Every structure is written in C-alpha cells, then in structure tokens.
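Participant: Residue numbers (our numbering), protein chains in the order written: chain B, 1 to 305; chain S, 1 to 305; chain F, 1 to 305; chain Y, 1 to 305; chain Z, 1 to 305.
Just so you know, these hints were derived from the structure itself, not from any lab.
Here the structure is a predicted model, which means the values were calculated and not measured.
One or more of the hints may lead you astray.
Chain copies aren't distinguished; within one or between two, either way the pair holds.
[Said to hold, decoys possible] Cross-link-like lysine to aspartate or glutamate pairs, in silico, EDC-like; alpha carbons within 16 Å at most: (1) K246 <-> D63; (2) K293 <-> E73; (3) K246 <-> E65.
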Amino acid sequence: MNNRIREILSWYTNETPGVRANLARMLNHGRIGGSGRMVILPVDQGFEHGPVRSFTANAAGFDPEYHFQLAIEAGMNAYAAPLGFIQAYADRYAAEVPLILKVNNSDTLYSGEDPCPAVTSTVRDALALGCAAIGFTIYPGSAARNEMYEEIRELTEEAKACGLPVIIWSYPRGSGLSKDGETAVDISCYAAHIACQLGANIVKVKPPTAHIEQAEAKKTIEKHQVPIATLADRVRMVVRSAFNGKRIVIFSGGAAKSLDEIYEECRQIRDGGGFGSIIGRNSFQRPKDEALKMLAQIMDIYGGK
Amino acid sequence: MNNRIREILSWYTNETPGVRANLARMLNHGRIGGSGRMVILPVDQGFEHGPVRSFTANAAGFDPEYHFQLAIEAGMNAYAAPLGFIQAYADRYAAEVPLILKVNNSDTLYSGEDPCPAVTSTVRDALALGCAAIGFTIYPGSAARNEMYEEIRELTEEAKACGLPVIIWSYPRGSGLSKDGETAVDISCYAAHIACQLGANIVKVKPPTAHIEQAEAKKTIEKHQVPIATLADRVRMVVRSAFNGKRIVIFSGGAAKSLDEIYEECRQIRDGGGFGSIIGRNSFQRPKDEALKMLAQIMDIYGGK
Amino acid sequence: MNNRIREILSWYTNETPGVRANLARMLNHGRIGGSGRMVILPVDQGFEHGPVRSFTANAAGFDPEYHFQLAIEAGMNAYAAPLGFIQAYADRYAAEVPLILKVNNSDTLYSGEDPCPAVTSTVRDALALGCAAIGFTIYPGSAARNEMYEEIRELTEEAKACGLPVIIWSYPRGSGLSKDGETAVDISCYAAHIACQLGANIVKVKPPTAHIEQAEAKKTIEKHQVPIATLADRVRMVVRSAFNGKRIVIFSGGAAKSLDEIYEECRQIRDGGGFGSIIGRNSFQRPKDEALKMLAQIMDIYGGK
Amino acid sequence: MNNRIREILSWYTNETPGVRANLARMLNHGRIGGSGRMVILPVDQGFEHGPVRSFTANAAGFDPEYHFQLAIEAGMNAYAAPLGFIQAYADRYAAEVPLILKVNNSDTLYSGEDPCPAVTSTVRDALALGCAAIGFTIYPGSAARNEMYEEIRELTEEAKACGLPVIIWSYPRGSGLSKDGETAVDISCYAAHIACQLGANIVKVKPPTAHIEQAEAKKTIEKHQVPIATLADRVRMVVRSAFNGKRIVIFSGGAAKSLDEIYEECRQIRDGGGFGSIIGRNSFQRPKDEALKMLAQIMDIYGGK
Amino acid sequence: MNNRIREILSWYTNETPGVRANLARMLNHGRIGGSGRMVILPVDQGFEHGPVRSFTANAAGFDPEYHFQLAIEAGMNAYAAPLGFIQAYADRYAAEVPLILKVNNSDTLYSGEDPCPAVTSTVRDALALGCAAIGFTIYPGSAARNEMYEEIRELTEEAKACGLPVIIWSYPRGSGLSKDGETAVDISCYAAHIACQLGANIVKVKPPTAHIEQAEAKKTIEKHQVPIATLADRVRMVVRSAFNGKRIVIFSGGAAKSLDEIYEECRQIRDGGGFGSIIGRNSFQRPKDEALKMLAQIMDIYGGK
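Just chain B, with the same shape it has in the complex (with noise of 0.2 Å):
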C-alpha cells in the first residue's frame, strides 16, 4: 500500500478493520488503483429513471452483465447497483470488481414534493452477495430527511460491525430547498458535511453551483470573500466542509453531456481537491468502445497522467 492510501486510511482508524480493508480494496483496483481517486460506475438509472429511458440508447444495458463487464473492462473502482442488478451476475464477478449495494432506491412513478427512497435490500443481502461496501441516498432539505438518517445510522451499525463501508449519496431535495439551493455551493457544503456528521465513509454529491441558497451562508460567504467562481472553488468548498478533506467526497456526472464538458467537469474536481467522479448513463449510454475511451481519459485526468 503506497503513502497517500495508507494517509486516507489514516482518516478512519476509528473504523473496523473490515471497513479499512474495504476502503483500501475499492481505493487499490482497477486503473487509478492506488491514486487516491476513484472512479466509480454506478447503474441505478433503471430504477430511478425507468428502463426504456435508460437503456434504450445502448440497448445491451438491458442486461445485468453488460455493466459488471463495463466496469470490469474500464478498470474503474467499483461498480453500484440495486439488489437485482447486483443479484443477477454477483457470483460470476464479485470477485474481478468491487460491488456497492445501492440499498434504497426511488422511482419516478410516483414523486411527491418531500422525496423518500425505500430501502430495498438489506447489509446481508451486501455480505451474501461479496460487496465491498453499501450505498445510501439521503434527501436533505425533504421533510422526510428524519427517516433516513434513521434508517442509514441503522444500516451503518451493521454495515460496518460487518466490515463494509458506507457511501451515501447526499441530494439535497424536498420542500425546504428551491431548485436553484439543490445544488447551490453553500448547500452542498452542507449536505456534505450532514452525511460525514453521519458517519459516512465515502460522500457523493452533485457538482456544486455559483448560486447560494441561505442567507446567512451568503453573508458569510462575502463578508469572508470566499472563492466560488470556478467549479474548482467550489468543490474546494465542499472538500474542506467535509471534514477539511479528511473524508473522500466523489462527484456525479449528471445528464448524459458531450466529452468535452465532461473532461473539464472532472479536471476542475481534482483540481479543487475532489477525490473522483460517479459516472453512470455517460457512461452506459455510450456504445461500449466510445464508453472505454471516455472512462480511460477521465481516470487519466484523475490519475494525474
């Protein structure tokens, strides 16, 4: 194990050895293997967004396996999904890439203005099927927030009595927020800082915007003229808010973009400190080969070459 993993292990020596040897195995696989960054696929879109628009456009992500060996051949660190994806080929690779169960899931079905996910699988479920950690989304700013803190301080007992890690997805959402705050830099300084407070090991939040939702985060963010300019400025907001970067905070990708834009999104994260990127449907919703390329830069990008 090189320096700068046994550094970021360094952070969590309050943890199991179970959870540490799990954080070091996702933070030591695939491409950037030992950078310190990660790369992560995760396909959840199926269920959260529904199949035919998710899968349509690259119709070999209607199978289970095309995703495990998407992963598997991009040499990402780890690959997330809900239990039936995870169920469907867990035996096949569990062991050429590590999983993340996505233990709580939503649809869009049905969407009130307060979003909860259900909890659909279970850490037993993550252990039986060789994961190497969980995934949890909370909604901060929903009037429903209570229930899943609750929910994910339950799972993150067991989760990490077992040895697995816990990442949390933290969206900021729901009828305390306006649309702008979801992804305005003071609020997901916040919602960064809520799921660290939580005791989360690994934090996923959206690339922060320019815009500031409180107003007392404004005052103070201009009264101490902090940088927001740059998604770099930002992130580095969101870095020190988790914990002063002691704790490893990863960016999603968003909506299917062009190349370019996604290149600039993922140096602005490393350079402001970000420790990678979560990318699902720009990555699957690519032919496989045009996806690899993609996936290949962008860990270049992350693992300083």
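Since the structure of chain B is already known, use the hints to place chains S, F, Y and Z on it.
Facilitator: Showing chains S, F, Y and Z alone in chain B's frame:
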C-alpha cells in the same frame, strides 16, 4: 431437466437451492411442464372484487376445493390464492399442484387514491401449507409504494432463506399515474424492471397498451424508433426491461372476454418472448368443461404445439 | 362426537389439534351442543356503547358475574367479552362455559369516519384466563382496514399455534360505504368472504338487508336472478360466500326488539343455512327469567326441536 | 388483614400474587390503612402544568423530597409522581410509603385538540425504584385514544407479571367530547368502565357533574329515573359502572378550593361508595401544617371516624 | 473528591455507579475541575446551521481535530459533538477530555413548524468511542414532543445501564409557543423541570428573558412577587425548577457576541446558582488564542477566582 429449464435456472444462480428447486418444480409441472412457459391459475378475485361478483357466474367457484381441482385437471403450472382458500384444502392437494400463497391482498370496499394491500399471510403460513412460492402485489405509482417495496424486501429475505421463490404482481396504479398510464408500455416496462430490481424471481404484469405515459420515455421511443405497434412488440419491450429476458415474466388475462381474443393475446405474448399467462376470471367464471378446453388450447399455444 | 360435528371439523383439517378441539368444545357445549349450531352471549356493549346505556335497563348486568351466570344457566355455547369482564370471574367459571376473549374494542366517546378498534388484550391473556377462542372485529370499508387485517394476521398466527380458534366479527363500516351499504347483501357476503380468507374459523356478520351496494354486484345478481327477497335467501348467499358453507357463520341480533321479531329472524337464519346467533342486548337487557325463556326458545329453533 | 381488605382482594383473584400483595400493601398503609379506603398524594403537576404555577405558592414543593415527607407525615396510602421526582429519593423513602410511578405524562407547552401523553418511564423503572404500582393516564374521547389503550395493554401485561398493580387515570377529553362532557356523569361512568375493561386494578376519575353528554344515555337515565342530583348519587353510578363496585375507584380533587368544599366533596364521595381521594394541588400548595391538618380531616371522613 | 462534588453526587444516589463515576469525571476534569461548575464545548453547529456559516470565520474549525484540541487546551470539562466529529478523533483524544456524543441532531435545510431532530447515533456508538455521556435535544412546545420524550426514555434506560449520564438540551420551540415564549422565564423553568422529570442528569437551557408566556404562570409570579428583573433572578428560578437545585443546570451561550456581554452573562448565571456554561460559537468562531483567553476568563468567573 431439459436444456431450456437448465438455461432458465442459470439466471438464478445466486438464489438458494430451495428457491431454484421450487422454480424448477413449477416450470416442470403440468401440461406444458418443461417448455419454459407457464400458465397459472390465480383466484384472489373473491378478496379483490367480492365473492358475489366473482363466483356467481359459475357457482361451483364459491367452493375453495373447485379451484384446486380445476388447476389440477387442466394441468396448470401452479395455483395461486389468498390464505383462506389455500388453507381450506392444502393438505389434500399440495402434492398435486404447486401452490402459491398470495401474501397480500386488497378489497374494494374501500378504495383510496393511493392503493396499498394488506399483508394477510406469512412465509411461515406458506411453509406450513406446503406452498412452492409466495405472491405479492406492488402498486408502483402509489404514494404508498415504499411501504410495499419494504414489505416485499422483508418477505423476500425470509422466503428465499426458506427456499420459496417470490412472484411479484407489479401493477402500476395510484396518484402518480393517469388511468391510461397504468397499462402504458413505458410504465409496464418500468413496473417489470422495478420488480426485478426488488429481487422477484417471477414477475406478473398486465399486457401493455401502445400508450406512452412519461415524456422522457416518449422522446426516447420516438428517437430510437422502438416498435410498439403490436402487443408482441410491446411484450418484447417488457421482457427486455426484465433484465434482458433473464427473469420470467408472465402476463395477466384481465376481464373475461371471448375465446378468440384470449388466444390471440396469448399468441402475441408468446411471440414477444413472454413466458406465459396467469388466467383467473377467464378460467373459473366459465363452466368447468369450457374452461378446461380453453386452458388446453392456451397451453398448446405456449407449448408450441 | 356425532357426525355433524365431525363433518364441520372436517373443514378445518389444516388447523392445529388445539384449534379443532376448542371448536368441538364450543360446538358440543350447552343446550344445543352437538346440533352443529351455536348460540353465543356477547357482552362488549359496556365498552362499545357505555355502561349506563347498556346495563341500566337490567341493573344486574353492571356486575360482570351476572353474564357468566346467564350464559351458563341458559346453556349457551360460549360467552364473549372484553378483558376486564372475563378477568373478573374467569377462575370461577372458565370450566363451566367456553369463554371467548374479545381482543379488540371500540368505544363511542370518539367516533371517526373510518373506525378502528384498539387491541385491548392478547392471546396470552386468553390462555391465562382459560378461554376457548379469541374474538376480533374488522371493519371492511374503513380507511384503516389494513391495520385491522394485519393485526388479526398476527393474532391468528399466535392464537392458532396455541390452540385457540379465531372468531372474526366482520362489520362493514367506514368512508368506503354508504350507511345502507353496511348491511347490504352484497357487502355482507363480501365481509364474510374476507374474514374467511383472513383465516377466521367462525365468522359473525349482521343479518343482511335486500339493499345492494356495489354496481357490479347488482349487475351480477340481476343477471343471474339470485334470490334475495327473504332473509333466508340472503343468509344463504352469505353462507355460500363463506367458502360454500364450509366455515361457521353466525349472525348478530342487533338492537333490542320484540320476541316475535327475534324468533322469526332466527328461523330465517336457520332456514338459510346460518349456523346460529350471537345475542347480546336482547339477552342481558331483559330480566333474567325472561331472557332465559327467550334463549331457550331461540335454541329450540336452532336445535330443530 | 381484616375482612374488608379480604373482601376487596377477593375481586382480584385472577391477578398474580404480587399484584394482590401490592394492592394489600397500599390498602393497609397509613392513617386509614385497613379501612378499605385510600387517600393518595399525586404530584405530577410540575410536568402537567409547569413548576412555576405548581410550586410557587408553597416553595418547599420545588424540592422532590418535600412530597415524600408530606405523604409520609400525613399517613397517606401512597405517593404518585413521574420518573424524575420518584428517582430523586426512592432509595430513601420507598420503604416508608408505597410509591406509584406515573409512567406517562403530558405537558401544556403544546396542547393539541386530541391529547396523548408521552410514555416517560417503564415497568423496569418502577421495579428498580421499589414502587408498589404504576399509574397511567388515558383520554377517552381523544382521536389518539387507541394509542393509549394499546400502550396500557402492553404496560399492564408487563407490570402485572412483575407484581405491580395498574392504576388508570381515566380522563375523558378530546375532539369526541364537549367541554362539559369531560365531567358529565354518563361520560364519567363510561370512562371508569373502559378503565376496568382494560384491566385497571384501581381507577381514578374526576367527580362527575349532573350534565349528561350522550343522547342515548340521557334517554336511559330519564326513562329509568336514575338519581343524579347529588354528587353522592353520581359517584354511586360511577362505582356501579366499575364492575358493580368490584373495582377500586378513587376521585381526584381538582383545583385548589376551600376546606369546606373539599370536606363536603369527600363526604359525598364516601356516601356514594367511592373508595377515596387523590389530592394533589390542595395538599402541596398549602403550607405543610395546614396540609397535614386538612389531610387528617379528609382521612377521618374516609376512615369513618 | 472534594465535598462539593460529593454533595452533587449525593443527588444522584439512584443512578448506577457508572453514571456517578462519569458525572464525577466531568465535574473533576479541567481548569475548574472540582469547583462544582462546568464549562463545556459543544460543536454541533456544522450539522445544525451548516459548515459554511459555522466554520468560515475561523477556518481551522472545518477540521474535526481542532475542536478536540481547543477543548483540551482550554481545560474544559467536556467536549460535545455529533457522531462524525467524535468518531474522527475519539481514539486520539478520548483519554484527554471527557466526550459527550450528541445522539440527535437537526439541520436547517428543512424547517417545519414543529421541529423534531433525527436520532443520528446510539449508546453503543458512545460506548465504542469512549464517551463520558450522551447528549439529547428535546423541543417542548413542538407537536412532535412525545416522539422526543419517548426516544430519550429509551436511550436513557440504555445509557444509564451502561454507565453513561444523560444530558438533555431542553429547547422550547414549536407551534405551542410564541417566538418570545421560547426563552420566556416561565417556559425555561418548565423546560428544565421536564428534562429533570425525564431523568436527565444534566440539563442545558438558554438564558431566560423576563418575558412570561403563560397566563397562569404570570398570575402566580405577580401574586407571589417572584423577582425576575435580572438574569441572576431568572437563573435562580430555573435552578429551583430543576428539583430545587438538585440537578446540574447549565446555560448555553447563544450567538457570538462581545466579550463583556459574555462575561456578564456568566457572572449572572453563577450568581443565580447556575452550574456553568456550554459555549460553542463564541469559542470556535474566534481565533484560537482569543478563544483560549476568553474561556480562561469564563472559567475563572465560574471557578470563583
């Protein structure tokens, strides 16, 4: 066990041996046993629609014994019903036809906008009664969907540990959807996919119409010119959404209709790659001899003769 | 045990020996023991309607001991009451008359549109008090119906494992139904069927009127010219809806009325195939000697003398 | 043990020996021990009304020790209070006066239309603190009544198994009742009856007024010319509604008032067959010497001297 | 152990030895250890107000390690924070300063009218992390108050059995109170009393204003001419409401303000019999050297030097 059954079972390698054995038992049972297709008799209409409306046309059906006998004489793959009906004659017939305990049920004496069935029996009941599987209804699109998803998560864990496969009736319904949306092709695909992600071994959906409910799905279908004109086309989409055909998807028969309509529907389901039918009212509301002839004809369609 | 009792028990072969023994105990007890019919004394009106309204007419009834003695002297098949009343004298009388612990209850100090009783005692209470069965009320048609269905599922599992039969009071009521609908013939059939599907060993419903509540049921009844003119006709429909007569269905007496009306009602219930009556207010609100005469007359009607 | 105490205990033969022993302990304790009557000191007003309002008039009452001493010096049958107050000095005084742990409590910082107390302590607390009983408030008439009835069902089961009697404070209140209805004579009877049906060993109600809340009760009272003119008349009705006098019913004192009013109230309670009083504010808001004189006088009324 | 500490511990004789030992540990720790007063550092503002607003003024505070070091260098009695912050460095510093795990937390991304924190960590977490106590917030006045009271009942039972004292942050808030009422003197007294009745070992409230919220309390205060003019007067009332001074009551510092204001507040708290202060924002939002000077000054005020 023939090669087709072996192939189907190969999609379920992460399940317990008991689950696989019971899947094989249902696939290999009856007139089309071994074909890889299934025709199942469900009789929960007494609970769901009321006994007067369900059984008066063929009054023999008031007696729970009738349905066991019908399923056995017709050579169906399995018989599904709520606790009371199964309990009445399980001791006499559990060895003659695979039984599916329908563990949740709704009645129509109260109908809220956002339906949620009651869990009316348990995995322990299913085991005590010698059942081969449990059945469970979810209503994606209902504000109460999470309650159902979390109930089936718990039941699935218990059922599979006990060797019982899980069959999910996935019926989109509730305030998140229009009336037409309940059987829209994109929604049917979505409903089947959710059921698979929740860990269903067999999924039951309604035959989809050509209506498309969600704007994003419409855009995708039009952009990629996905064929949806015939029922076979639409069944194909649903089957693909169920892990690219690697989960057993069967289709319900709906309200009583003419024989020709029924046969045509089954042919299209078969041609679209569907795994079979689950036919309740069209079976037990007909006089027994008529029902037996109809079911033989349907099974011949699926059996490929 | 005579043949009729043996026949009735043959419908319950999937129950534990304890449940069957207690069913036999109630069927064989008292003045019409062995006839296959039952007349039961229920005294939950103190809880349901208040003690002043229930017991002032015959003030002896304020004393819990009175009702045990009334049931014993009249030779009734069983005595049903809430925890407090049973607890008061169970040690003295449990060996003299089968006791039914009514494990849920409603009062009328608060009345919401969608009723739901409180679970006020347990299977352990019933066992400790030497009871022969538990009683439970469901209100199909109430928005809270699922809560009741799931409570009785749990209680049923526990009760039957302990050898206690389950008696369901199935009273349609709530925002899903009109006032007339509560006793409509189609709804009474539906209510009896639901109770059977939930696993009830004995079902108690109100005598149905000729009103038909649901459009689809009306269409069916008219199309098939199902006779509903007399109470006997309607009782026949209810009994058929209770698994074609293979579950014990008894009918409540309702508000106090004239003796002739009571006797005529019982004759019709008997002629329609009903299994008996459960008569509370008409028994304990009369002076004891009058009540004993009336009950003897009723039991003679059911006993066929 | 004298005959009256033996007679009272004979109503509780279905309780555990521990429950009967603790009932005897309270009945036999203090100045009127053995009379079959009880005078109890309750001090939950700090929680229910706030400490400023409750204890300023006699500031010694801010100290939890004061109330133990008052109860002991006055020779009361028992002292009832919430967890904190009992916990403060249980080790010093549990052997000197029977303690009743009030296991649920309401504050008046939030007052909804349908009150429901919080369960603030447990049977295990009561045991650890050497208490002789638990106390619990129900609010019949509240939309939340079922929650309370089900809580007390669970607590009762545990308490009695551990030898602790259950005392129910039955206070009609909530959206099901008018303000006058809270102390109406029919409602007081109903409240006492419900508490007994729930398994209470001792019931506490407020002194009933001559108001009648429910139409059916009014009709009955008028038809049978039940006397309700004096408090003694009304107490008699309440006691009869409590299993014909076979449950201990005591009456609360209410807001502070003149000594003559208090004594007259106690005489009427006694003459109506009430078992005693539970007097809080009238005791601890007076200077200690005045309170001791008043309590001696009250106990003499009940002790029959 | 000196006499004052012995006296304080004498109020807690009904607690487990572990609880008493940990109380002593906190009372005896740091610069004013043994004085019977406490000054505690709480850092939950990152969760409660957001990291940007909380830590930008003194950016060192983004790092969880900073606060441990501040508490240690200042010689504070204890350091309180949510799970994530404690977890980050518990292994390094648990032996150097008593740690208080704040087991519930609210964020301000969603703010309902009736606040309720999420329970974000457990007693087992506190034990594993070597903490000396748990902290818990209640909001009397909120419609959700019962949920909090019942959560703390369960946590208290578990914590005390494990030797951990319970500190309740009692903050009146919610639809039952006016804005001014949240810090009204009568309400502060009430809030402290409730916390004590719930079993708190240490209570934290806000410094009360001279506003009186409830009519009955106003009447009482005026009638008995209770002095409320100075903060010392009002602190005296609060301390008396906390079991006549036999529970440790400490006061929060509130928003950042001038040093003179802070010192004056502490003097008044001390003169009114308050047991100390819990000072968050005023500590960690200042540069460290300024904070250390201020804390030394405050502790000297409490230490009586």
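Participant: Which of the listed hints are broken here?
Facilitator: none
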